[in-house]
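Enquirer: One-letter residues, chain by chain:
2 protein chains.
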Amino acid sequence: MRPTVHDIAAEAGVSLATVDRVLNRRPGVKAATRVRVEAAIAAIGFVRDMAAANLAKSRVYPFTFILPAGDNSFMRGLERHVREAMARPAADRVEISLVIVPPFDGAAVARALDAAIVREPAGIAVVAVDAPDVVDAALRVQAAGIPLVTLVSDLGPSCRDHFAGIDNHAAGRTAGSLMRRFVGRERAAIAVLAGSMLVRDHRDRLDGFRAALSDTCDVLPVLEGQDDPAATERLIADLLARHPDVAGIYSLGAGNRGLIAALQRHDRPRPRAVIAHELTPHTRAALEADLIDAVLNQDAGHEVRSAIRVLKAKADGIPTVEAQERIRIDIFLKDNLPFADDADGLSLLPSGVVGGAN
Amino acid sequence: MRPTVHDIAAEAGVSLATVDRVLNRRPGVKAATRVRVEAAIAAIGFVRDMAAANLAKSRVYPFTFILPAGDNSFMRGLERHVREAMARPAADRVEISLVIVPPFDGAAVARALDAAIVREPAGIAVVAVDAPDVVDAALRVQAAGIPLVTLVSDLGPSCRDHFAGIDNHAAGRTAGSLMRRFVGRERAAIAVLAGSMLVRDHRDRLDGFRAALSDTCDVLPVLEGQDDPAATERLIADLLARHPDVAGIYSLGAGNRGLIAALQRHDRPRPRAVIAHELTPHTRAALEADLIDAVLNQDAGHEVRSAIRVLKAKADGIPTVEAQERIRIDIFLKDNLPFADDADGLSLLPSGVVGGAN
DNA sequence: AAATTTCTGATTTACGTACATCAGAAATTC
DNA sequence: GAATTTCTGATGTACGTAAATCAGAAATTT
Numbered sequence: 106m107r108p109t110v111h112d113i114a115a116e117a118g119v120s121l122a123t124v125d126r127v128l129n130r131r132p133g134v135k136a137a138t139r140v141r142v143e144a145a146i147a148a149i150g151f152v153r154d155m156a157a158a159n160l161a162k163s164r165v166y167p168f169t170f171i172l173p174a175g176d177n178s179f180m181r182g183l184e185r186h187v188r189e190a191m192a193r194p195a196a197d198r199v200e201i202s203l204v205i206v207p208p209f210d211g212a213a214v215a216r217a218l219d220a221a222i223v224r225e226p227a228g229i230a231v232v233a234v235d236a237p238d239v240v241d242a243a244l245r246v247q248a249a250g251i252p253l254v255t256l257v258s259d260l261g262p263s264c265r266d267h268f269a270g271i272d273n274h275a276a277g278r279t280a281g282s283l284m285r286r287f288v289g290r291e292r293a294a295i296a297v298l299a300g301s302m303l304v305r306d307h308r309d310r311l312d313g314f315r316a317a318l319s320d321t322c323d324v325l326p327v328l329e330g331q332d333d334p335a336a337t338e339r340l341i342a343d344l345l346a347r348h349p350d351v352a353g354i355y356s357l358g359a360g361n362r363g364l365i366a367a368l369q370r371h372d373r374p375r376p377r378a379v380i381a382h383e384l385t386p387h388t389r390a391a392l393e394a395d396l397i398d399a400v401l402n403q404d405a406g407h408e409v410r411s412a413i414r415v416l417k418a419k420a421d422g423i424p425t426v427e428a429q430e431r432i433r434i435d436i437f438l439k440d441n442l443p444f445a446d447d448a449d450g451l452s453l454l455p456s457g458v459v460g461g462a463n
Numbered sequence: 106m107r108p109t110v111h112d113i114a115a116e117a118g119v120s121l122a123t124v125d126r127v128l129n130r131r132p133g134v135k136a137a138t139r140v141r142v143e144a145a146i147a148a149i150g151f152v153r154d155m156a157a158a159n160l161a162k163s164r165v166y167p168f169t170f171i172l173p174a175g176d177n178s179f180m181r182g183l184e185r186h187v188r189e190a191m192a193r194p195a196a197d198r199v200e201i202s203l204v205i206v207p208p209f210d211g212a213a214v215a216r217a218l219d220a221a222i223v224r225e226p227a228g229i230a231v232v233a234v235d236a237p238d239v240v241d242a243a244l245r246v247q248a249a250g251i252p253l254v255t256l257v258s259d260l261g262p263s264c265r266d267h268f269a270g271i272d273n274h275a276a277g278r279t280a281g282s283l284m285r286r287f288v289g290r291e292r293a294a295i296a297v298l299a300g301s302m303l304v305r306d307h308r309d310r311l312d313g314f315r316a317a318l319s320d321t322c323d324v325l326p327v328l329e330g331q332d333d334p335a336a337t338e339r340l341i342a343d344l345l346a347r348h349p350d351v352a353g354i355y356s357l358g359a360g361n362r363g364l365i366a367a368l369q370r371h372d373r374p375r376p377r378a379v380i381a382h383e384l385t386p387h388t389r390a391a392l393e394a395d396l397i398d399a400v401l402n403q404d405a406g407h408e409v410r411s412a413i414r415v416l417k418a419k420a421d422g423i424p425t426v427e428a429q430e431r432i433r434i435d436i437f438l439k440d441n442l443p444f445a446d447d448a449d450g451l452s453l454l455p456s457g458v459v460g461g462a463n
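Protein chains in written order, with the working numbering: chain L, 106 to 463; chain A, 106 to 463.
Each hint can be trusted.
Below, in silico cross-link-like pairs of lysine to aspartate or glutamate (EDC-like), each with a Cα-Cα straight-line distance of 16 angstroms or less:
no., chain 1, residue 1, chain 2, residue 2
1, L, K162, A, D154
2, A, K162, L, D154
3, A, K419, A, E430
A few chain L residues that don't get close to chain A, going by computed Cβ distances all over 12 angstroms:
no., residue
4, H111
5, R308
6, L344
Hints are computed from structural coordinates only; laboratory data are not their basis. Even for Gly, the Cβ is constructed at its ideal location relative to N, Cα and C.
Throw the hints in and build the complete structure from the sequences for me.
Expert: Structure (structure tokens):
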């Protein structure tokens, strides 16, 4: 049987009340007594039964999650995981309220943050847009003493407590390494497709990608699809027509739908290596159809759960092991695809799988 | 506030005792009343507070884990994760006893299983050896009504409740796909290194590997290092000397230490593609030193936690979502390596990192 | 030494559920 | 209609901790 507070009291020769005062750092205990109690705790190896403690405290953690709207599959998968955490019979006493804001709208995110502050949650998680007014709002959140975690997309390290997302520079490097090996030994031309270079994640990925390739390949100027499927498809079709020798394409974030459509319509052999980001129904289908060679992914479920863990720890004033909360960069080929219901929102979308943004 | 048993009682117009009888399927409730209570439960959306329930029951789950001894890094990492789960202030009321048996010794595993049975644990997890007497012992475990999970290495599906490990055929296919792309377009010779073809996991991986390559490459006869580092090193050195044109090496399990040593000593350019299994201090160092191109990995921590979740569910008679418990096949390049303390036992071993079995 | 302040003990209630007991009501059987 | 049997209610204790109250002891100050 595990030792309880009663055992501590007996061991230290004090009363339950004193043990409680020591355990919960309440005042009213002489230093000498406190030491005795702490020694007893160490001696019998007491560990607080958190389940019982939380029950007694009937503590709840009201968290606010702020996510972008839009038909981006990855974000919808993220939302699904948040909703799953909401639905989970609050075994962990977490109560999440979910706020959906217009995508790419810094002002909207800032407003959502300010609105959240007045509700005084125990913590906030936000898919940040890297804009000055968001930074200001983030600072207000911190000034209000509310732990703040950025999700997927980061802000500066000084205006949040933690970032639950991948190291995008490393992701870019990984893509670069794969690309280098996939296209073969000879020098080759590589195209890069982005939604917009205004997003920090995408800039980081591109930097990492270039660094990994150094100058062993010719990286063509970045194509910016602006998150418009039709425009993206035209860009890629153009590229394939004009640059028949292009050996690889790296899609570093948005616009997978247009990319896949263009590859599908293309009648000559596609570039040897096509690498994209985020496992969604579309990229999954494209992998299975051999239109894409590899997909780099960040596990949205992990990110959500990590964000919750970190917020809880911050709320309780417990230190977090940053290294333990780091999100891995998954690499998927068609051969090691996880099962659909195991991954991100893959079973939620209607069929006609290759379609829909990103 | 979440509804409680009291709310059910009020809603259904019955007493707490009756609610309790319904909730815990105890006899003594008229069918009509039971229906009323169940309707009330559904109506107010009651979900049992498992923390409180377990507290009241002071239920514990005594589990037995059976692991092989030996200096295999992966297994030691696995052990570390089991010990971590043991140490975890039993928030989940799991009490694990760990049994270490001699490696590759079916009889020893069988004996350990039989010994475990008499202790009547709530579940057993075992790194199985695919031998007839182990199968027999497994059947005895199941006959005793004890849930059984195989860990890492499977037995037939009929003699365990669940397998917490990767799909090794898929892992082999993944390695094959990567190999295919890494060696380039032209036909090439590929070597395969195994510890011993007697282990089921390794046979599966080889099958998958061959299937993925089909006949686009020449897969040389399998080299069997018999888990002996020195012998393995000689085998690989021989291979490199005799087959200077070999384009890739696939190490499908054991013997990474000898492989790495041979590559390190080799004075000419190494084969273009070297792919190994299991992220350990040695393979990690080799990745970083560019002696290996990719490492396929199964997350030992995930496997242990999944095994515990499944055992608990089986013990409680709750169904498990098999797809949710599937272990992913991780691909690591030097660029997306997780941090050391995040992975498997990487920080536990002494330095002089490239050394030690596997 | 008296007055004050600071500690400590004893006790109680609570959290949400499990489980046991006993009495009494309701339904069933004879 | 009496004797069962089956159901239900009321009540209490327990799990391990939190938190509050109040009384009294000990230490400190005047």
